[in-house]
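Position 162 of the sequence shown, counting from 1, maps to 162 under my numbering, and the rest follow consecutively.
These aren't lab readings, by the way, just hints derived from the structure by calculation.
Careful: at least some of the hints might be erroneous.
Unchecked claim - Computed list of lysine-lysine pairs in DSS-like fashion (alpha-carbon distance at most 30 Å, straight line):
#, residue 1, residue 2
1, 240, 117
2, 61, 80
3, 242, 117
On a predicted model such as this, the values are computed, not experimentally measured, just so you know.
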Amino acid sequence: MKFLTKPVLAITITFQSVFGVAAETATMEDIAQLQSQLDALSTQVITLMNENSQLTSTLNKQATTIDDQELSIINLQNEKGLLSTEIENLQLDIGEVQNDISLLPSAPVGTILAWHKDLTGVPAELGDEWVICNGQIILDPESPLYGQNSPDLNSDKYEAGKGLYLRGGATSGVVNESTQITDNGYKYGFSNRGSYYGAAYFSIYDAEDFVGQPNGFYSSNYRVKARFQVAAMTVVWIMKIK
């Protein structure tokens, strides 16, 4: 933005206009007085010209500042346009990822999984799609299992407070209580012929019970109970409800 400097004051002075007399009739005193007035006017003109120059410089600086600000605004608008384009591209990417996620196979309702709840760093909340299998009533109206109880797989009612193991089967939901296998079709007996001292021996028989026989052989039979605890780590069973 440019400014044109124009004369601030244009002064036209004639001898006649100042003294009202012709130059040829003026005295030396009149001429000296006129010269003094001209000098004063010249000083005023110089002062006004300096002020005009300063004002022009100030206006030019302001114009330069405005130009710079306008350029900054243009640059910011360009950056805004670029950011808007990037945001639109990111939104498209997010939409594609969400679509891909929706196509992934998910666990069906009723799926039971093992959850290491107390591992450091594991979030404490399951989310509304899962419940802990502790026999609680499912109260989520959006769940097809609404009003039913979750299976009680984590309670301490079983020995050692370890809950239930899960195993495959043709149908689900069948709970087998803890049992002990006393034998596998074998029984252990002790017989003594009594023929001579120290002649006792052990015999392993089949599944038939032995009792005292009339032939002189006597047997003592008993079942041996065996209890096994499989090495394991506890987990919390959870089930998907929707």
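Hint by hint, here is what the structure shows:
1. Note on residue 240 and residue 117: the hinted pairing holds, with a Cα-Cα distance of about 16 Å set against a maximum of 30 Å.
2. Taken as a hint, the residue 61 and residue 80 pair is honoured in the structure, with Cα atoms around 28 Å apart against an allowance of 30 Å.
3. Distance restraint check for residue 242 and residue 117: the Cα-Cα separation of roughly 20 Å lies within the 30 Å cut-off, and the hinted pair is therefore satisfied.
Comparing the model with each earlier hint shows no violations; every hint is respected.
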